[in-house]
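Student: Go ahead and model the full structure; you've got the sequences and the hints to work with.
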Amino acid sequence: MGYTILVFVKQVPDTQNITGEAMKPDGTVNRAALPAIFNPEDLNALELGLQLKERFGAKLIVGTMGPPNAAEVLRESLYRGADSTILLTDRAFAGADTLATSYALSKCAEKIGNFDLILCGRQAIDGDTAQVGPQLAEKLALPQIAYVEDVESLSKKKIRARRSIEGGYEVVEGPLPCLLTVVEANEPRPANAKNIMRRKKSMTRSELRKAHADANYTDAEMLVDEEEKLKAKGLWIEELSAADVGAEESRIGLKGSPTKVKQIESVVLRGADFKRIDPSEDGINALMHELIEDHTLG
Amino acid sequence: MAEKRGNVWIFIEQEGGKIANVSLELVCKGRELANRLGVKTEALLLGNGVADATETVIHHGCDKVFLVEDEALEPFTVLPYAKSIVDLVKKHKPNILLFGATNKGRELGPRVASELLCGLTADCTDLKIDDFDDKINKKSYKDKLMQIRPAFGGNIIATIVNTWEDPQIVTVRPGVMKLAPPDKSRKGEVEKVAPEITDTEKVVKVIERIRKEKDVDLQASQIIVAGGYGVGSKDNFKLIEGLAKAIGGDVGASRAAVDAGWISHDHQVGQTGVTVRPKLYIACGISGSIQHRAGMSESGKIIAINTDPEAPIFSCAHYGIVGDLNEVIPKMIKAFKAKV
Numbered sequence: 000m001g002y003t004i005l006v007f008v009k010q011v012p013d014t015q016n017i018t019g020e021a022m023k024p025d026g027t028v029n030r031a032a033l034p035a036i037f038n039p040e041d042l043n044a045l046e047l048g049l050q051l052k053e054r055f056g057a058k059l060i061v062g063t064m065g066p067p068n069a070a071e072v073l074r075e076s077l078y079r080g081a082d083s084t085i086l087l088t089d090r091a092f093a094g095a096d097t098l099a100t101s102y103a104l105s106k107c108a109e110k111i112g113n114f115d116l117i118l119c120g121r122q123a124i125d126g127d128t129a130q131v132g133p134q135l136a137e138k139l140a141l142p143q144i145a146y147v148e149d150v151e152s153l154s155k156k157k158i159r160a161r162r163s164i165e166g167g168y169e170v171v172e173g174p175l176p177c178l179l180t181v182v183e184a185n186e187p188r189p190a191n192a193k194n195i196m197r198r199k200k201s202m203t204r205s206e207l208r209k210a211h212a213d214a215n216y217t218d219a220e221m222l223v224d225e226e227e228k229l230k231a232k233g234l235w236i237e238e239l240s241a242a243d244v245g246a247e248e249s250r251i252g253l254k255g256s257p258t259k260v261k262q263i264e265s266v267v268l269r270g271a272d273f274k275r276i277d278p279s280e281d282g283i284n285a286l287m288h289e290l291i292e293d294h295t296l297g
Numbered sequence: 000m001a002e003k004r005g006n007v008w009i010f011i012e013q014e015g016g017k018i019a020n021v022s023l024e025l026v027c028k029g030r031e032l033a034n035r036l037g038v039k040t041e042a043l044l045l046g047n048g049v050a051d052a053t054e055t056v057i058h059h060g061c062d063k064v065f066l067v068e069d070e071a072l073e074p075f076t077v078l079p080y081a082k083s084i085v086d087l088v089k090k091h092k093p094n095i096l097l098f099g100a101t102n103k104g105r106e107l108g109p110r111v112a113s114e115l116l117c118g119l120t121a122d123c124t125d126l127k128i129d130d131f132d133d134k135i136n137k138k139s140y141k142d143k144l145m146q147i148r149p150a151f152g153g154n155i156i157a158t159i160v161n162t163w164e165d166p167q168i169v170t171v172r173p174g175v176m177k178l179a180p181p182d183k184s185r186k187g188e189v190e191k192v193a194p195e196i197t198d199t200e201k202v203v204k205v206i207e208r209i210r211k212e213k214d215v216d217l218q219a220s221q222i223i224v225a226g227g228y229g230v231g232s233k234d235n236f237k238l239i240e241g242l243a244k245a246i247g248g249d250v251g252a253s254r255a256a257v258d259a260g261w262i263s264h265d266h267q268v269g270q271t272g273v274t275v276r277p278k279l280y281i282a283c284g285i286s287g288s289i290q291h292r293a294g295m296s297e298s299g300k301i302i303a304i305n306t307d308p309e310a311p312i313f314s315c316a317h318y319g320i321v322g323d324l325n326e327v328i329p330k331m332i333k334a335f336k337a338k339v
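Protein chains in written order, with numbering that gives the first Met the number 0: chain A, 0 to 297; chain B, 0 to 339.
To be clear, the hints were calculated from the coordinates, so they are not data collected in a lab.
Note that CB positions come from ideal geometry on N, CA and C, so glycine has one too.
Check the hints yourself; a few may be wrong.
Derived DSSO-like pairs: lysine-lysine, alpha-carbon spacing no greater than 27 Å straight-line [claimed, not checked]:
no.	chain 1	residue 1	chain 2	residue 2
1	A	K254	B	K92
2	A	K254	B	K138
3	B	K233	B	K211
Sample of chain B residues lacking proximity to chain A, with all beta carbon distances greater than 10 Å (derived) [what the hints assert, rightly or not]:
no.	residue
4	H58
5	I128
6	G187
7	K191
8	T197
9	G231
10	S286
Tutor: Right, here's the structure in full:
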């Protein structure tokens, strides 16, 4: 029997491609105007998981915490080769900082149980904190190997991984189960056409209910029936609430978050004392002269 | 009577007994925060055979160093470090705990904060003491640590406050806090601590370790000539090197130039590279993404050379030259040589 690998991923706003309109006039972020994408380094974590599955045999479960439409990154994971997926969603999770997030994810991991490895991307591009991976490891009392580039070997008891350190790399060995955070060191495979065909109708319970409501179906039995059918076909995205994973109310969402945002400012570009220099020989001579005179140069 | 306030702590990162610059920058900042709060500045120095480094830490402003030495603390693995720090925090209850936002600090900080159930803010670029009125929960806090950091890819600056129990823990980006010269007459106390590290923390073993010193230490540079995608080719990067050499500077680069393979990552300036604050920064063919500007906008003087007059780099520059760097740079070299 192979390994069970959990990969935790996040749907994030595409902060690398923010346009002016993405900021509201009051300086807060207009999340609605930002395209939601699969966090880049989480794709590296998923890719590492898929490679481990190919090399050693594993069941790959991808989980995410987020709003209902975060199911999108789970479908994307299925297209790339994940075996099953879990959406942890609940209004009570809203406003979570990294401590509350890692607690919620730890409850989700405990609910799944019996895993050998947890993989996370090093960090998400909306916050760039790199905190959730190590905090999740701590919450589950697991050892962590951060900044993993590749896994060298895996056995039932041990994992040997190469990880990036300042100015080089390190090969470390640790026991299973264990948590790895993964850096941008592999090429995530694209979605597989066959998987897309096979799994594009994957959905969560909320999505199924919505589809029924939209079609004006009212037969509750039919809903149960369809759910069973989807499950049988491997098209079911498990949807879990805070209560489903047994998360304590005081430790999730805003309530479970020690850090509060006091203030947010948009980055103001400094325009003071700007001098346009003519690219001619005279212009540049004058500039260099000025810099030497004020002891910036020379 | 007011409750006794804890001290300001700094985690001292070392590699082979050599202290990371960021740790000394944080000692200087920590000293400033401690003075403002009327408490002491204390450092945590962990490793094995690193006692010699305590002096440097004290000279930079610490009143006391907790010297924690054990075989299990060399080479660095996260679990023994986290255990030692958590035990010390529980015993002494510091008010503030600062880590450098290095690879080590960014995996150690979360582990420590999570176990202590404390808030943690990553990659701060500024720290201040101020009061906080939590209007939502109708609570007021006095003299809290304002944890200031860029978020959303550098598009916004957020001020974060930890409202739960102390310590208030942050990681701080290297190069953003000013490093003051050491005061060699400064005296401080060294307290030796024997950590209680068990087999549970020793489960991850380092099998092999390959490190090399950086090609260049841009954080120490006074003059940086940086090239971006507009340089056009690896070969053309010689132009950047030529100007740097002529005026006694070092070579920097934008992420685009590094990704193109024209120069090594050690030269990269910006959010995913180093943060620099030289006397003079010359940006050549760099459009100036917000991520790049985050790493250099505090430079004393900034010259931007770009063919596109709308390039965002001009918004943070003091001098702007709209022109082709292939023509401008040789003129600069010539003009400089003629003057000196």
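Student: It remains to establish, for every hint, whether it holds in the given structure.
Tutor: So, going through the hints one by one against the coordinates:
| no. | hint | verdict |
| --- | --- | --- |
| 1 | A:K254 / B:K92 | 23 Å, holds |
| 2 | A:K254 / B:K138 | 14 Å, holds |
| 3 | B:K233 / B:K211 | 23 Å, holds |
| 4 | H58 | 24 Å, holds |
| 5 | I128 | 13 Å, holds |
| 6 | G187 | 27 Å, holds |
| 7 | K191 | 27 Å, holds |
| 8 | T197 | 13 Å, holds |
| 9 | G231 | 17 Å, holds |
| 10 | S286 | 14 Å, holds |
Of the numbered hints stated above, none is contradicted by the structure.
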